Amino acid sequence: MSFISAIDRKLIRDLIHLKGQALAVSIIVACGVAIMVMALGTLSSLQQSQETYYDRYRFADVFATVKRAPDSLARRVREIEGVRVAETRISRYATLKIEGFNDPANALLVSVPDFGEQILNRTLMHTGRWPDAKRPDEIVASKSFVDAHGFELGDQLTAIINGRARLLTIVGIGDSPEYIYTLGPGNLLPDDKRFGVFWMRRKALEAAFDLNGAFNDISLVLGRNAKPNSVIDELDRILAPYGGLGAYLKEDQLSNAFIESEMNQLKNMAKIIPPVFLLVSAMLLNALLIRLIATERQQIGLLKAFGYTSPEIAWHYVKLALAITLLGIVMGFGFGAMLARLMTNLYGDTFRFPVMIFTFSKSSFAFSAGAAIIAAVAGALNASLSAARLQPAEAMIPAPPESYRRGPIQKFSARLPFDEPTRMIMRHLVRWPGRGATTLLGVAAAQALLIGTLFMFDSLDVMLDTFFERTDPYEAMVNFVEPIGSNAIEELKDLPGVISVEASRTVAAKIRHGPRFERAGIIGLPGNAVYKQILNENDEVFPVPEEGLTLSSQLAKMLDVGIGDQLTLEILEGRRPTIISPVTAMVNEYISSPAYMNINRLNQHLFEGEVVSGAFIKLDPSQSDQFSKAVLDRPVIASVTLQSAAIKSFEDTLEDTISIMMSIYAVIGGAIAAGVVYNAARISLTERGRELASLRVLGFTRHEVSYILIGELVILVLLALPLGCLFGAALAYVFGQAMSSELFRIPIVIEPATYGVCALIVLVAAIGSAVLVSRRIGQLDMIAVLKTRE
Amino acid sequence: MNIRRNTNIAEAIDDGTLISARGLTKVYDTGEVKVHALRGVDLDIKNGELIVLLGPSGSGKSTLLNILGGLDRPTEGEVIFRGETLTDFSDARMTKYRRHHVGFIFQFYNLVPSLTARENVALVTEIADDPIAPDEALDMVGLADRMHHFPAELSGGEQQRVAVARAIAKRPEILFCDEPTGALDSKTGVHVLEALEDVNRRLGATTLIITHNVGIADMADRVFRFKDGRIDSIEIVGRRRKPSEISW
Chain Z
1 MSFISAIDRK
11 LIRDLIHLKG
21 QALAVSIIVA
31 CGVAIMVMAL
41 GTLSSLQQSQ
51 ETYYDRYRFA
61 DVFATVKRAP
71 DSLARRVREI
81 EGVRVAETRI
91 SRYATLKIEG
101 FNDPANALLV
111 SVPDFGEQIL
121 NRTLMHTGRW
131 PDAKRPDEIV
141 ASKSFVDAHG
151 FELGDQLTAI
161 INGRARLLTI
171 VGIGDSPEYI
181 YTLGPGNLLP
191 DDKRFGVFWM
201 RRKALEAAFD
211 LNGAFNDISL
221 VLGRNAKPNS
231 VIDELDRILA
241 PYGGLGAYLK
251 EDQLSNAFIE
261 SEMNQLKNMA
271 KIIPPVFLLV
281 SAMLLNALLI
291 RLIATERQQI
301 GLLKAFGYTS
311 PEIAWHYVKL
321 ALAITLLGIV
331 MGFGFGAMLA
341 RLMTNLYGDT
351 FRFPVMIFTF
361 SKSSFAFSAG
371 AAIIAAVAGA
381 LNASLSAARL
391 QPAEAMIPAP
401 PESYRRGPIQ
411 KFSARLPFDE
421 PTRMIMRHLV
431 RWPGRGATTL
441 LGVAAAQALL
451 IGTLFMFDSL
461 DVMLDTFFER
471 TDPYEAMVNF
481 VEPIGSNAIE
491 ELKDLPGVIS
501 VEASRTVAAK
511 IRHGPRFERA
521 GIIGLPGNAV
531 YKQILNENDE
541 VFPVPEEGLT
551 LSSQLAKMLD
561 VGIGDQLTLE
571 ILEGRRPTII
581 SPVTAMVNEY
591 ISSPAYMNIN
601 RLNQHLFEGE
611 VVSGAFIKLD
621 PSQSDQFSKA
631 VLDRPVIASV
641 TLQSAAIKSF
651 EDTLEDTISI
661 MMSIYAVIGG
671 AIAAGVVYNA
681 ARISLTERGR
691 ELASLRVLGF
701 TRHEVSYILI
711 GELVILVLLA
721 LPLGCLFGAA
731 LAYVFGQAMS
741 SELFRIPIVI
751 EPATYGVCAL
761 IVLVAAIGSA
771 VLVSRRIGQL
781 DMIAVLKTRE
Chain S
791 MNIRRNTNIA
801 EAIDDGTLIS
811 ARGLTKVYDT
821 GEVKVHALRG
831 VDLDIKNGEL
841 IVLLGPSGSG
851 KSTLLNILGG
861 LDRPTEGEVI
871 FRGETLTDFS
881 DARMTKYRRH
891 HVGFIFQFYN
901 LVPSLTAREN
911 VALVTEIADD
921 PIAPDEALDM
931 VGLADRMHHF
941 PAELSGGEQQ
951 RVAVARAIAK
961 RPEILFCDEP
971 TGALDSKTGV
981 HVLEALEDVN
991 RRLGATTLII
1001 THNVGIADMA
1011 DRVFRFKDGR
1021 IDSIEIVGRR
1031 RKPSEISW
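So the sequences go chain by chain: Z and S.
Quick note, in the numbering used here, the first sequence goes up one by one and the last residue is 790.
Quick note, in the numbering used here, the second sequence goes up one by one and the last residue is 1038.
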């Protein structure tokens, strides 16, 4: 008595016999499943880590900054309908002088209550203690900053706080849900050496910034039924007289927005990439089963003659497809779990979660397995039903010989000056267009997937190039503590190493168009600015128009406006004027979504005379250290950012990530190409084994016979490459759109070299597997050929 | 012993011997059982001879043909083709041997289905040194008017005649035919045998035909009868009969 039925034994033996091809399909299924498990697993890990952190350390729902508001105002804020908790604090930038570190660095100083801890946005203490309320120079510093400099508890550093140098002592090391992604002023990426968050007692900061009995920052937690937008409106109304810069929801909080954007990318990855793999695997299963059923015609006839029903026969072959897919699912789970761990760790470097919770989303397993099974059944159905339809008598007669007949194409091809092996290749291609198409599409899909993922490095290049070389070609950027007279620019010019200085004036504003509004910074630039430039749609530099507002295309899209439309600008600083201004130009920006205005025009609107809030500086690079030292001594400077440091931090941060991601994509893209070609070659070899062995008998060398087998694949692969480029460009477009957000817009740029590299990966994978199969030509049984009939 | 054998072979070449075998044994070792397919076969075949190998299934005649044709290697013994020891050849040289000196005709024709009759012949003439033109080769087997047909459009007998044309177009020194009429009815079989006989006569190609059809033996110069992996008897036929005179 056996536990496995005879027909299932046949299935197992068939699988063992087909092991190479089955494995190739399994690997493709595994890649699809793995990416889904990875993306969704990483997503759920991020979500869990984020939720837990937000929950435990009470990340706020609404944030707002004001110039200076009395503490008593907090009570009015708490009375707004829907507000459950409101907490005020002081939050300002300072510049840092660190011994042994020459670059300018910045810190965000955030107050904690004089006694106890915060209610909202609480600090997670890793080690150490809270600052003593009586010692104003004690700080809790953010862990990433401390780690980057190798500081220990008790270490000291100098901060220029509101123009006064203060020696601060690190007494604690902490983190906060507000700064999971810690971005310093003017930075594109976290730079832990040059930016840190310091928590200090409220009293110390009140004294330092002359804010006794006042606050400049407020956070709210809302009740369950609160209407966030009406809370924001009411809050803005209350804060307006005190220089409110516009309240915003946690969705717009910088750190949170970056995490959300990353999670969104993971979601899109799970949506867009795995279907490509599953589609290819379904096509391969279809081809594999059609071939298997053709060789098993007589067995099927026999089974039917014995009384097996049509559904039993169909189910038998569907089961085979499911077995192959199941193997892929299991491998995909393992591989995906590994990748998820790797990705989660990578994110752990960028996102400062106190604990990176690594969880598997159960639904990701269920979902990916379900999708793979559906793809398998879809791929197997057609072939399995054709097996079920075979009549026993008919099936037991061997299939008629491949019928090539004289048609117009064959007549035409007979006249072409090919040698006979080449003619065989051509005729075979024309005779079996469906099978050729499977290979063609499969390889094209591999190529498309490679292009659709690897193009992002080109995009990144363009983004960085545009930023560092064209729009922001300054060497240093400074922001003043407060808007200041333009004579500050003259003072900057006297600093060592400074070649020239360009003023800028940035104001926070609410930009309204009909019912839509966005908070944005309006950057005022001189008409002849060279260190901060704007680009039109054709990527050409153009001066900021004298009149009207220049919008980044992203912001224009969000506001649904075009050139000529009138906008209402509610300025949130100074005298808070409301300005009606037309859109006079659009700019192409990849990073953030700003608006620009001529600085003189902006100042006129603000009734503030010649005022600046920051400057872009051209430096003599050999004197950048002297500049850094000198600039920090200027009292009015809130932050200094060196572009060279930004470039370096980009290189450091992205190099590892890029090489890891590139290898992953190259491997999975190559796996598809290899799997498709391997299967096509194996099917061809099984089908034409007899024909090829005959040629060997006739005195054709192994290479000559391989030519017939591989030549066909080479043609298909070469045809697939341009098609793959086309698909790849389309996929890149879809990806680029899906991944773009308010924070950055991904330019769809595919360099010729990327097409080349992707084609090369596909070719290497394809040639590798074709060679693997062609080695079997040496093992073709020439003797059997003489004896057996097909 | 060796010296004596070599002398014999030298003599054999002098007297027009094309291919010789000495002490051929072939053992198929399947792990559990050892099957002795050949148990010491010696033979000499002269230029232009038409030989028929007769014997029941499993008597070793196909194994002998595979070894002489350069498709298989003996467990022991050697094959000398025009003074060269075939059994010492590398795989690549073996391929050359098949390519330039040997013609094969199979029981099931083994035509390339995607090529027309003419193209099937051209397949071989393209890699041969001094071939007969494909059209001429097809004309010799009486298929000049069918040369643009694909195998699927030809009858079994016609397909086998294309196979004959393909085999002779390279002007092989030796032609191996393994049950060439095995899949054909007698009338068509005769056509194929006539083609083979004609080629043997006109081109002088040494021809070995395997069959278990005793009737075919009448068209041979000599008949080797096989039994249990050995040549049981060699019969010299006085007068070769025309295939049309043969009945089975």
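Just so you know, these hints were derived from the structure itself, not from any lab.
Check the hints yourself; a few may be wrong.
20 Å max Cα-Cα, derived EDC-like pairs, lysine to aspartate or glutamate [claimed, not checked]: (1) Lys886/S to Glu704/Z; (2) Lys493/Z to Asp565/Z; (3) Lys648/Z to Glu610/Z; (4) Lys227/Z to Glu79/Z; (5) Lys977/S to Glu1035/S; (6) Lys886/S to Asp781/Z; (7) Lys97/Z to Asp55/Z; (8) Lys411/Z to Glu943/S; (9) Lys203/Z to Asp114/Z; (10) Lys411/Z to Asp925/S; (11) Lys648/Z to Asp192/Z; (12) Lys203/Z to Glu152/Z; (13) Lys271/Z to Glu260/Z; (14) Lys67/Z to Glu608/Z; (15) Lys411/Z to Asp935/S.
What you are looking at is a predicted structure, and each value in this text was computed from that prediction instead of being measured.
**In rising order, the numbers of the hints this structure does not comply with** = Structure breaks hints 2, 3, 7 and 12.
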